[in-house]
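Enquirer: From these two lone chains plus the hints, build me the complex, please.
So the sequences go chain by chain: F and Z.
The first sequence begins at 0 in numbering that gives the first Met the number 0 and counts up by one.
The second sequence begins at 0 in numbering that gives the first Met the number 0 and counts up by one.
Mixed in with the good hints, there may be bad ones.
What the hints assert, rightly or not - Reference listing, derived: stretches of chain Z covered by chain F, where coverage requires no fewer than 3 residues with Cβ under 8 Å from a Cβ of chain F:
(1) 6-16
(2) 43-55
(3) 58-69
(4) 84-98
(5) 127-136
(6) 213-223
Said to hold, decoys possible - Ranges of calculated distance between the beta carbons of each label pair, as one might list FRET restraints:
(7) Z:88 - F:113: 51 to 59 Å
(8) F:240 - Z:123: 15 to 23 Å
(9) F:236 - Z:84: 26 to 34 Å
(10) F:163 - Z:212: 38 to 46 Å
(11) Z:91 - F:218: 19 to 27 Å
(12) Z:158 - F:218: 39 to 47 Å
(13) F:203 - Z:213: 46 to 54 Å
(14) F:331 - Z:165: 52 to 60 Å
(15) Z:91 - F:220: 53 to 61 Å
(16) Z:231 - F:248: 27 to 35 Å
(17) F:267 - Z:192: 21 to 29 Å
(18) F:188 - Z:91: 52 to 60 Å
(19) F:179 - Z:84: 53 to 61 Å
(20) F:132 - Z:86: 35 to 43 Å
What the hints contain is simulated information worked out from the structure, not anything from laboratory work.
Heads up, the beta-carbon is just placed ideally off N, CA and C, and yes, glycines get one too.
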Amino acid sequence: MTFEVLDGGLHTTIQDLGRPGYLATGMPPSGPADRFALGLANLLVGNDPGERYLVGRRPGDAGLEALLFGLKLRVLAETVIAVTGADQAPTLNGEPVPMWRAVRVARGDVIALQRTRSGARTYLAASGGIDVPCFSGSRATNVRAFVGGLDGRALRRGDTLRTRPAGRPLADLARRRLRPELVPSYGPRWRVRVVLGPQDDLFLEESIRTFLEHDWTLSPISDRMGCRYVGPALAFRPRPEYLVEQAGADPSNIVDDTIPVGGIQVPGGLEPIVLHVDGPSLGGYAKIATVISADLGKVGQTRPGEVTNFHAVSTGEAVAALRELEGAISEGSIVAA
Amino acid sequence: MRYDRAIYRPLGDLYLTVEFGDELNLSLNFRVIALDLALRACPIPGVTETILTNRSLGVVFDPFTITHERLVARIEEIEAATGAITELPSRRVTIPVWYGDPWSRECAAAHGAPHNLDYLAELNRMTVDQVIRTHSGTEHWVSAVGFTPACYQAMPLDPAKALTAPKYLRPRKWTPERIVCIAGQLTSFYPVASPGGYQLLGRTPLELYDPTQRNPAFRDGPVLPRVGDRHTYVPIDEARYWEIRRQVETGTYQYEIREETFRVPTERDGP
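Chain Z extracted, bound-state conformation (with noise of 0.2 Å):
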């Protein structure tokens, strides 16, 4: 559901959530980020960070500063003055995967579970290669960071090309990190080693989360996904996977980062 007004909730006496929707809609997340950019745009004492997620803008405040009733009528006023939402500034990182790598078979196996790839193809009615094919032939939307450093949850601009997948019933007790995966029509990420329940698709050489922030992408922080990024997967093949791998741990790989500005699909161009 889409509400027509935001529901302002309040996250115990620091924090606030202005939600747009309960459901996982591109709408909602691009109301989420035109939010944030008016926030920073117009920055309200007290508040001291936002958090993005696919629906909803947490606001993080110091009640010393602003009362709860003064930020929720501040921010009311700011939503009521951001207009539609044509453009956005959004960066194009491309991810090398290789699908199907060794590391997601062992980890399903280990957990009981058959092969993910073999999996979705079997629940989307696909071959392997199409499912490949098809999670790697869109742009994927990332909609939210977090749940840990680096964490992301991605969307497919193509909705032609979503896949759908179940969560394990059971989460996982581990994944290798560096794992990409999918549950739902969300595409996300372990940056690190850590239980889980979605389904595995393949590994990326790529680290997205560097706390040594050797490598340049790294410049700003030591995560690489912002929400407002649109990521395109490119599927490798073992060798290609070494290749950049080793160009990674001696922190030469050169990270396909394209900042360009994103044209917001209005209403009529689709769902």
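So here's chain F without its partners, still in its complex pose (with noise of 0.2 Å):
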């Protein structure tokens, strides 16, 4: 064993880059909220970051997605963490701990997060990665499908957990960061990128313009599925009689179809919903617009209360934005110290 979880935290769940290719089932791909912060703390502990967020068959190795604040955990055995993500203050043994890099930790250290300062979801990523039984091929822990993780639930006090055997020696991962100027701010206010569709064209003109224009506050009823903004009304053109009963009573309703991760439902036009990693698959109300790949990590570490902007871009740029991200979970991001 190499952790005991002696605080399991708001909400901390074991993940690796998720289980694609169940969709037609209604099983979400879950993996982490951002793509980013987990490749890169597997990449500065010598672990595999996986193959591509959402259409990649390899998950690679699986870290810890911790929510908030809380998580603590007991070292059993020797080995070497990164922090990576939110900023919750992490210590070792009572002592700040420095982010988006390698950490040697010896058995008994006591690593610590508190509360968040910056960003929603921290990632910690130890040698070897985590090692829990695959379902469907992936580590990825889904709450309210009960699978993958430990038993398909978020960490509690008690739990302990084991490591797959580090790929490299400890002693040469010890010194490993990310460059500087790659670490990432996160908020208080976010500019998330969108391609305006599937069903804008059911939205009114001036409700599209609005949805691009105003401010949107996270609301704290958030999670994995889906984070929901806050704003105005958006309203929606008028609709063919027969929907009314084929689709349901309200205007936002649509014979359901394919939902992506990302896809912003807006049910009664009210409080756009981006529907994110554990989301749902299929469902029945219009969606205005979809965030883009690259930036669901944008969405997955915004805190309640912060202010997004959306912004839109043509697909072209939006698979642009994908390249650099993607280019950017690379050995080439990572100096030693």
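Expert: Right under this line is the structure:
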């Protein structure tokens, strides 16, 4: 065993890059809410960051995703860890420990996350990766489907975690860190890029403008399934009568169709919801736009109360942003401290 | 509305949707299934998975392997070469249901709603017995699977056996697992306890989602329902419910699943 959980924190789950490939059964991909942060945590400790988010076949090694505050671990066997993502003022035996770099820890050490100062989700990787059984090819936890991770649930006090054998000698890893210019800053104001559609044509033109120009505040009713934004009401064009019976009485109702990860539903025209990695694959509300895959991590790192502006881009621009993001999850981003 | 030509819509950079119409109509679902089968027969490099819905096919792809524009062009070619669909592989799945079970009653009452079967009877101008006979008197075509694992939507194959039901005006905070439900003409299912707004018909002792995959029916995966399945709902009483439930819990229940070929009704056969 490598770690004992002293405190599971608000909500900590084991995540690798997830299990795409089962959307036709309603099984969401899961995986990290912030692909960059988990990928870098894994790379820093010599692990496999996985192949590709949402479309890959190799989920890479598993780490921990810890929401907002409170995770506390005791080290049971020497290893190298890296803490990335949200800054929850991590400490090692009570002393601040630097983020975005590999840190050697010894038996008996206590790693603790305090309370977030920026960002929502902190990632912790350990050399070799967290070892739990794979479900449908992945270790990613989905608490709603009761699969992956530790018995398909969040971590709690008393759990023990083992790691797989390290791929590289621990001594080689200890000085690795992310290039300082690549360390992301998290909010408090966010600019999230979207591709309009698939149902933007059901909204009034002025509502599309409102969506793109207004400030949207993340609601505390947000999780890995969906992130809800508070702002002005959006309105819909008149629609044919047959949809009242077939799709539902609310003007936002459509006959169910595909929801992509990042799809933005607007039930009742109120509080757009960005569906995330544990979200549904199918749904009956009009979707105004889709968050580009490169910016899903920004949604995952937004804290309740923080303000987001949505900015429309083309699919070409979205793919260019994805190339940049994926390109940065590589050995070239890492230097010796 | 059924479109003459499919509409291709982007869903961000990793997905697109091929939409055949905006309405609920089995003929659209058959086109979705036909296109999905054609894409499987002729895989396009870069396409990683597909999502079948009532009226559209979601396509997930790696944009580093194939561009959105190129993918649309390839699917258009394949779609153009896909002839009319006359037969589909289809499993006939029997699902026993305790209609009007006590959990459904309790759940409706807890949300301030009348017993849903009584409500459906009044709305469809039938007795409760007729509601049950109508719902169990036709096969239901599974036209979409999703929302949550093993949640599905199914349409009655015999239009004369269609019930109508509005969704709850205010969705329920919870619904017990394994409840069979209906809204519009669509039968659906809550595999795990979850919020929801469909009218509650009854409870099945069967698991349709089993992450432990203990029963051989789950050999291929944890989710039983598939688009293109035909469900037959068989009314059972309390004694039979518990008998089956015990067999399901011990992993000995034999699911009734028959692989068959389904002849797709033509437009001339009626709606």
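Enquirer: Please go over all the hints and tell whether each is borne out by the structure.
Expert: Structure-based check of all given hints:
no. : hint                      : result
1   : 6-16                      : holds (count 8)
2   : 43-55                     : holds (count 9)
3   : 58-69                     : holds (count 7)
4   : 84-98                     : violated (count 0)
5   : 127-136                   : violated (count 0)
6   : 213-223                   : holds (count 3)
7   : Z:88 - F:113: 51 to 59 Å  : holds (56 Å)
8   : F:240 - Z:123: 15 to 23 Å : holds (20 Å)
9   : F:236 - Z:84: 26 to 34 Å  : holds (33 Å)
10  : F:163 - Z:212: 38 to 46 Å : violated (24 Å)
11  : Z:91 - F:218: 19 to 27 Å  : violated (45 Å)
12  : Z:158 - F:218: 39 to 47 Å : holds (42 Å)
13  : F:203 - Z:213: 46 to 54 Å : holds (51 Å)
14  : F:331 - Z:165: 52 to 60 Å : holds (58 Å)
15  : Z:91 - F:220: 53 to 61 Å  : violated (41 Å)
16  : Z:231 - F:248: 27 to 35 Å : holds (30 Å)
17  : F:267 - Z:192: 21 to 29 Å : holds (24 Å)
18  : F:188 - Z:91: 52 to 60 Å  : holds (56 Å)
19  : F:179 - Z:84: 53 to 61 Å  : holds (58 Å)
20  : F:132 - Z:86: 35 to 43 Å  : holds (40 Å)
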